[in-house]
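2 protein chains.
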Amino acid sequence: MSGEAFESREVRLARRPEGAPADATFAFARVRVGPPSDGEIVVRNTLMSVDPYMRGRMNAGRSYAKPYAIGEVMYGGAIGTVAASAAPEIPVGATVLHNSGWREYALLRARDARVIDTSKAGAEAFLGALGMPGMTAWVGLRVIAEVKKGESIFVSGAAGAVGSTVVQLAKHWGLSVVGSAGTPEKVRYLREELHADAAFNYHDGPVGELLAHAAPDGIDVFFDNVGGEHLEAALAATKDFARLVLCGAISVYNAVSAPPGPANIRLAIPRRLRIAGFIVTDHAAREPEFMDEMLPLIAGGAVKVRSTVVEGLESAPQALMSILRPDAHIGKMLVRL
Amino acid sequence: MSGEAFESREVRLARRPEGAPADATFAFARVRVGPPSDGEIVVRNTLMSVDPYMRGRMNAGRSYAKPYAIGEVMYGGAIGTVAASAAPEIPVGATVLHNSGWREYALLRARDARVIDTSKAGAEAFLGALGMPGMTAWVGLRVIAEVKKGESIFVSGAAGAVGSTVVQLAKHWGLSVVGSAGTPEKVRYLREELHADAAFNYHDGPVGELLAHAAPDGIDVFFDNVGGEHLEAALAATKDFARLVLCGAISVYNAVSAPPGPANIRLAIPRRLRIAGFIVTDHAAREPEFMDEMLPLIAGGAVKVRSTVVEGLESAPQALMSILRPDAHIGKMLVRL
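Quick note, the sequences are listed as chains U and L, same order.
According to our numbering, the residues represented by the first sequence are 259 to 595, in order.
According to our numbering, the residues represented by the second sequence are 259 to 595, in order.
Please note that the accuracy of each hint is not assured.
Given that identical chains are not distinguished, each listed pair holds provided it fits within a single copy or across any two copies.
Stated by the list, open to error - In silico DMTMM-like links for lysine to aspartate or glutamate, alpha-carbon gap of 25 angstroms or less: (1) Lys378 / Asp550; (2) Lys406 / Asp540; (3) Lys324 / Asp475; (4) Lys406 / Glu547.
Read the hints as simulated data drawn from the structure, not as lab findings.
From a predicted model like this one, the values you see are computed outputs, not experimental measurements.
Model the full structure from these sequences, guided by the hints.
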């Protein structure tokens, strides 16, 4: 089996975007993958993840993660079936999660793949609420914000992959939840399906006014996926000792200049606020704890997994472009091969 | 002794200032103080503290501390000699520290005064490096920023009562220190007397450029006493996992509108920054630990106490006005009676 090789297509970064990515940002290539050397496997991908952080890696320059090189495959989370193996611990036919991204076949070291059990939660969950976005929500709430039962939280971008998990975990843990989102459909989803205590469309007026109306008693926690105007609005609404968790800033990923900063930042002193940015991969050691807690919540329905799935490798660039727009899909964006 | 009463003058808030306080902001009054009832003492003040936080309490509205009421005495730290006592635990003649502020004589409960021993450190120190400003520096560095030996710190307003203690503690603990201040004399003081590794006058150019030049390798910690432009400059200079401690914002206390916020705030995500405001009084339980550590540092000369002392109750308003200006005195401002 270890002698096999495969024809594969892959998606590469062709050039760095100025502002929003476009078709010309990406290039498709055909390559031959394999055979695997000792300790390696070849995976036939069946599901690929499309995540906002990928936009950040398309820029040159300093970031927490190495930027994609020009010509490099758009790596990221993916799930597939092992098609060839030269690693005794992962046999052909196993389902694995890995980070080799947008390609039909991936050659990787067995230690860079994780065998997953899709009997208790579907493969989609392992790229969503049970995967990186879910762990981002969990780390942000538990480790960074240290949320407590009875507190109130405001979640921006609450209908996205991370945001929708934040809302559900916070509700499950006994918090009062206000969510913002960018379309009426998402606001309905937050209210009716995720049972947020309040939700608003952030295009309906100044976010500060919408939030003051939705959370008149103030907030203990802010979980930001959107950036820009949301932070100033959240600062204004804070109670003493509030924690503001900066997770993402999807409203500005495509921006060519930074939006104004929060003019009310010095409220942090009298109100003793803590504002913290974080990156989920710093907390990888807590993944077993996260899995132990999250798997039963998903299996029992307390956390629902919602995805938008598009078909075919060629759909991946458009899928990424779409999640960077304010009218993006609900939940996790995936590409099925 | 408990039957005694005293003629006293005191300084009250006459009206709330718009912008900078002026003479008309304050009113002087003559009152009769005492005699003390059971458990009370009368203190003849000898040294009164003048602190930037007093400006915040002159505003109406929500803050961490109750604002001064119109007509209320400008309360704050003061030291004096007990002139009459109806409390057995504090005899006449004792030197006490209290918070009854700008008046010649103060009637207070004995439990609201603390007897101090001025044999190891002078009375001035108890209102400076060994008092509230010193504990503010210590809490900000040790509890909020959790500084470590070998780190680099940027201190804004580094020649003030809090800032000068931050600089000296940070040097003593093995950090590399950059300070900013508003006059050439203060910059010299930082370099030559406090042995800051670098120091600059923040009027000499954009703070971002001055800081980038003074700390080309970046900073692990920012201790902000100034606010405004300093925060954006510090954010730009942060290393990964830097902590930004917001302690004061003297540049904006007199402002009638807020300065622009830091447009680069979302650097907090990739760099995993933590921005925290704090109020020293939340940490009162740690005062014994602070005193145990600070007293030997002052007695041994590792932390030098520098004060500007003006004479007479009538000097207090001008002293407060002066410390709110960029060309303020060096070190702690005190009024001697």
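Handout entry: Same-copy or cross-copy closeness of Lys324 to Asp475 [CA-CA at most 25 angstroms]
Key = Classified as between: cross-chain Cα gap 20 angstroms, same-chain 42 angstroms, threshold 25 angstroms.
Problem - Homo-oligomer pair classification [Asp550, Lys378; C-alpha up to 25 angstroms] - result: within (12 angstroms within a copy, 57 angstroms between copies)
Exercise for the section: Since the copies are identical, ignore which copy is meant and state whether Lys406 and Asp540 lie within 25 angstroms (CA to CA) inside a copy, between copies, both or neither. Expected result: So Lys406 and Asp540 pass the 25 angstroms test inside a copy (23 angstroms) and across (20 angstroms) alike.
Practice task
Can you give me the call for Lys406 and Glu547, within, between, both or neither, at a CA distance of at most 25 angstroms?
Solution key: Within one copy only: 18 angstroms inside a chain, 29 angstroms across chains, cut-off 25 angstroms.
The earlier numbered hints are all upheld by this structure, with none contradicted.
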